[in-house]
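Each chain, letter by letter, is given below.
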Amino acid sequence: MVFTFKSLSDSNRGLARRRTICAQEKNFMAKRDSTPTDIELKRTEEPSELLRELVAHLRQNRTQLREEWVVRISETRLLTAMTKEEIFAEATSVYDSYVEALETEAFEALQAYARNLSERIIPRGVETHEVVGIVLLLRDVLARSLFAKYQTDFKKLNRILDAYEPAANRIANTVAVGFVQERERVIRQQQEAIRELSTPVLQVRERLLILPIIGVIDPQRARQLTEQLLRGIRTNRAKVVVIDITGVAAMDVTVANHLVQTVEASRLLGATVIVTGLSPEIAQTLVTIGVDLGKMNTVGDLQGGIEQAERLLGYKVASITEPN
Amino acid sequence: MEVPILKQGAFLIATFQAALSDADLNQLRMGLVQQVVKFRSRAVIVDVTAMDVMDSFASRTLREIAHMIRLRGAETVIVGIQPEVAFAMVQLGLTLEGVATALDLEEGLAYLNEKFKITNRR
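From first to last, the protein sequence lines stand for chains A and B.
Residue 105 in my numbering sits at position 105 of the first sequence, and the numbers go up by one each step.
Residue 11 in my numbering sits at position 11 of the second sequence, and the numbers go up by one each step.
Careful: at least some of the hints might be erroneous.
[Stated by the list, open to error] Below, simulated DSS-like cross-link-like pairs (lysine-lysine); rule was C-alpha separation at most 25 Å, straight line:
(1) B:7 - B:38
(2) B:115 - A:295
(3) B:117 - B:7
(4) B:115 - B:7
(5) A:316 - B:117
(6) B:117 - B:38
(7) B:38 - B:115
(8) A:316 - B:115
Bear in mind the hints are in silico, worked out from the structure with no lab data behind them.
All chains should be modelled from the sequences, with the hints used to inform the complete structure.
Right, dumping it as structure tokens:
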């Protein structure tokens with residue numbers, strides 16, 4: 001079975017030609033898989049030697065193969081977020097890392113490289129399917145080149161592929177996993193930032209802090225809230241804190257307990273806490289869990305809370321009247 | 001480890017160093033009350049700024065010190081509890097109930113001065 005493999009640089013006719021080759025390749029693969037034990041018996045070369053041989057071939061034809069790969073990337077419309085120059089620059093480093101991973105089997109280094117690459121391209125809007133897509137395209141381009149080189153020695157080609165395929169699969173896997181891990185890291189970071197932004201501790205007077213809470217409080221946010229508040233009390237030397245929960249619709253028992261703990265911890269730092277804006281539902285929850293209301297200083301709304309805080313601090317607010 | 005107890009006018013100031021053993025705490029409990037008696041102090045400030053952990057024994061001892069000192073007619077103020085320590089304490093349910101607390105030594109003195117309305121004579 002003979003088939004021709006021509007360079008794909010002529011992109012106009014490349015697609016039709018590739019389809020022909022694809023069909024031929026299928027026959028080829030079927031034949032290869034059906035021919036059994038002769039190959040195993042005649043295995044004269046070590047897998048590592050074969051690997052070195054194919055790596056050398058891939059290095060020798062680096063320029064041509066990389067060019068083919070970049071062409072295929074743009075044909076399949078991947079990495080549309082990047083310019084041609086950027087694609088070429090990244091392609092070069094990815095190609096070299098790919099071949100090096102084949103050679104050294106140092107997959108940790110490859111994973112670190114993949115994470116580093118992801119860090120750069122995720123902000124550019126590159127998606128997971130694009131990254132997996134281009135790695136698989138590279139795998140195909142290199143495999144085809146191996147077919148071409150060893151087409152006359154069928155048995156050797158088999159052994160070469162035996163060495164190439166597991167390594168290539170591992171590379172595709174490693175890069176995809178590295179990319180996904182990087183995305184997950186970014187997501188976690190953003191979640192953390194959102195949580196921090198949503199619990200500001202604000203100083204409105206000397207020694208008076210306000211902590212307006214809005215939205216859903218889960219145990220993790222509640223914990224972060226407490227830590228931020230305690231730090232704020234120490235930094236601002238606050239004597240009174242008004243925690244306003246008008247913007248909190250509901251609170252489960254765990255979080256309600258957490259609020260009580262926050263009040264107690266604040267007292268240990270010498271600050272009085274006034275809680276304002278309790279909704280009827282939350283008031284119900286607090287009564288249900290049997291909170292010692294003697295410990296909790298509560299006022300209806302934020303305005304009332306601030307007024308009481310000012311009294312506690314010894315402020316008096318008077319209107320400025322025009323002198324007659 | 002000896003805990004230094006300093007006299008500041010009508011008040012005593014006891015400064016905890018980092019980690020106090022149970023024996024140290026017991027010694028301190030008796031020592032502080034004896035000093036209150038000796039100097040006829042009106043109040044004691046216990047500065048725990050240097051403590052980065054507070055276990056249940058230490059917490060109970062502090063409460064007992066405060067109660068014993070109150071039996072002598074004097075006030076106790078615990079100052080300098082670190083945010084992380086405060087957080088851990090409330091989670092364990094150690095609340096130092098009935099004992100006054102303040103942010104630091106300066107605040108503790110301000111609180112006592114206000115309470116006893118002691119004015120400085122120039």
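- Task: May I ask which of the numbered hints given earlier this structure violates, with the numbers listed in increasing order?
- Result: none
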